[in-house]
Amino acid sequence: MSASLAPECNEVKERYDTCFLKWYSETYLKQKATTDECAPLFKQYEKCLSMALKTRGIDKMISEARDDNRENDAEHMRPKR
Amino acid sequence: MVKFYSSTDTYPYPFPAVTLAYFLRYPNPYSTHVLSTDTIARHYDPDTQRLTTVRLHLKRSKLPSAVLKLLPKSLLGASASGDTQAYILEKSVVDIKEGWMDTESRNLEWTGVLSVVERQEFRRPVTQAEEELKMWQGMEGAARRHGFINFGSGAKVEDTGETTEVKSTVTLHSHVGERWKQRRAASQAAG
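As you go down the protein sequences, you meet chains A and B in turn. For the first sequence, the working numbering assigns the number 283 to the initial residue and increments by one for each residue that follows. For the second sequence, the working numbering assigns the number 1239 to the initial residue and increments by one for each residue that follows.
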């Protein structure tokens, strides 16, 4: 499992990643998914990570990049057929 | 100034396996420069069965020596040898129902100097091709059973015959050249 940029989030991240990979391979890929079952674990991970991003000053950079690319995304992240 | 690279490929693996591999590609022994990977957003839409993921990778990179000489190290946060860290933002959408995955990665810093956008489109081959393949495999199986084909032993790992089409593009966009051009145009207009 890949490491988090914030070592203090590694534990929650690993719990979430484990849940996600199980859900992705056993439910999502088999087209049996109805909800994202790992959403509660993601919330815990996100809470830890967003704090870490803020203290490192990366949060602004990310939100700016995501805003910049909203139009780009709409154009490129669409299926072509 | 824009530079554009593009290539297409066919992976000999089924589409679901390819999408899983995309999420699992770090860490791996060939990419020790990738220091961390975090998922910063994830959304599953039950109506379309689309899964959207935004991830942040931290990679170790080496700056070109020309750039190192130009910029003070204090500004780069670089070590003496020119090792720096770079954040990469990656967005991906998987549609398991329609059989496609689109991904996009870009650098977050120094975009004024050079922005690199890498896109990949993964496609499950069209159903008709799959059906055709199945038909051929069925005929081959029948021919084997009747002894018309007897080469190739059954000991071989069974190939499902499923593939995934991949189109990769990389766009390099440098704003440095633009600024020089603008300056030159401005001075010409003034002079």
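A hint or two may mislead.
[Said to hold, decoys possible] With the Cβ distance kept under 8 Å, some of the chain A side facing chain B (calculated, not the full set):
| id | residue |
| --- | --- |
| 1 | D318 |
| 2 | L323 |
| 3 | S345 |
[To be verified] DSSO-like, lysine-lysine: derived pairs with alpha carbons at most 30 Å apart:
| id | chain 1 | residue 1 | chain 2 | residue 2 |
| --- | --- | --- | --- | --- |
| 4 | A | K312 | B | K1372 |
| 5 | A | K312 | B | K1405 |
| 6 | A | K336 | B | K1419 |
| 7 | A | K304 | B | K1419 |
| 8 | A | K325 | B | K1335 |
| 9 | B | K1419 | B | K1307 |
| 10 | B | K1335 | B | K1241 |
| 11 | A | K342 | B | K1241 |
| 12 | B | K1372 | A | K342 |
| 13 | B | K1372 | B | K1241 |
| 14 | A | K336 | A | K314 |
| 15 | A | K304 | B | K1335 |
| 16 | B | K1405 | B | K1335 |
| 17 | B | K1307 | A | K304 |
| 18 | B | K1335 | B | K1307 |
| 19 | A | K314 | A | K304 |
| 20 | A | K314 | A | K342 |
| 21 | A | K314 | B | K1300 |
| 22 | B | K1419 | B | K1300 |
| 23 | B | K1405 | A | K325 |
| 24 | A | K342 | B | K1335 |
| 25 | B | K1241 | A | K336 |
| 26 | A | K329 | A | K314 |
| 27 | A | K329 | B | K1297 |
| 28 | B | K1307 | A | K342 |
| 29 | A | K314 | A | K325 |
| 30 | A | K329 | A | K342 |
| 31 | B | K1300 | B | K1241 |
| 32 | A | K314 | B | K1297 |
| 33 | B | K1405 | B | K1300 |
| 34 | B | K1307 | A | K314 |
| 35 | B | K1307 | B | K1297 |
| 36 | A | K312 | B | K1307 |
Derived from the structure by calculation, the hints contain no laboratory data. C-beta: ideal position from N, C-alpha, C; glycine also.
Which of the numbered hints are not met once you compare them with the structure shown? Hints 2, 3, 6, 7, 10, 12, 13, 14, 17, 18, 20, 21, 23, 24, 25, 32, 34, 36 contradicted; others consistent.
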